[in-house]
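Trainee: Sequence:
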Amino acid sequence: MSVEIKNILSAVRYATISTVDEQGKAWAAPVWYVFDEKNTLYWWSPINSQHSQNIERSGEVYITIFNSTAPEGEGLGLYIRANAKQVPNDKLDKIIELYNSTTTQFKLNRANTTSNAPTRLYQAELITIQINDGTETDGFYQDIRRNVA
14 MSVEIKNILS AVRYATISTV DEQGKAWAAP VWYVFDEKNT LYWWSPINSQ
64 HSQNIERSGE VYITIFNSTA PEGEGLGLYI RANAKQVPND KLDKIIELYN
114 STTTQFKLNR ANTTSNAPTR LYQAELITIQ INDGTETDGF YQDIRRNVA
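When you read off a place in the sequence shown, starting at 1, and then add 13, the result is the number in our numbering.
Read the hints as simulated data drawn from the structure, not as lab findings.
Please note: incorrect hints may appear among the correct ones.
Okay, the calculated beta carbon distance ranges per label pair [to be verified]:
1. Asn122 - Phe153: 16 to 22 Å
2. Pro101 - Glu149: 30 to 36 Å
3. Glu149 - Asn102: 24 to 30 Å
4. Glu17 - Asn102: 15 to 21 Å
5. Ala39 - Pro131: 21 to 27 Å
6. Arg158 - Glu73: 16 to 22 Å
7. Asn102 - Ile157: 17 to 23 Å
8. Pro131 - Tyr27: 17 to 23 Å
9. Gly147 - Ala39: 24 to 30 Å
Every residue gets a Cβ at the ideal spot worked out from N, C-alpha and C, and that includes glycine.
With the sequences and hints as input, model every part of the structure.
Mentor: Laid out in structure tokens, this is it:
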């Protein structure tokens, strides 16, 4: 993971998870996330939320992570295409520990992420990562995306 990407992931705690429902309608949801050394993102969401239902159906997500308080012209953002799913049972304890290391209000455990609980931990395995950049063409500024992973 590049330093540039790691800095953004470490500084910004919310991501927008975008999905599409079975009618092709877009859905975006802000979530608190954590990440590991393998560039996998994790978040906790209700099973019956629209984005979770869309993930169960297709697994395809598009994630944006950016600092919304950055001054104009200084913001950097990540644009991530990924495959998402519920965290498998054999990884759950490790990811609960990782998630809890970043939170103070909502501490997870198996009781609130499995069985009859209405919430689950989800993971997104990153396919491509882009970062915003700028270029000038014939005197006109253009906002572009640069591949970084």
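Trainee: Output the numbers, in ascending order, of every earlier hint that fails for this structure.
Mentor: Of the numbered hints, 1, 2, 3, 4 and 7 do not hold.
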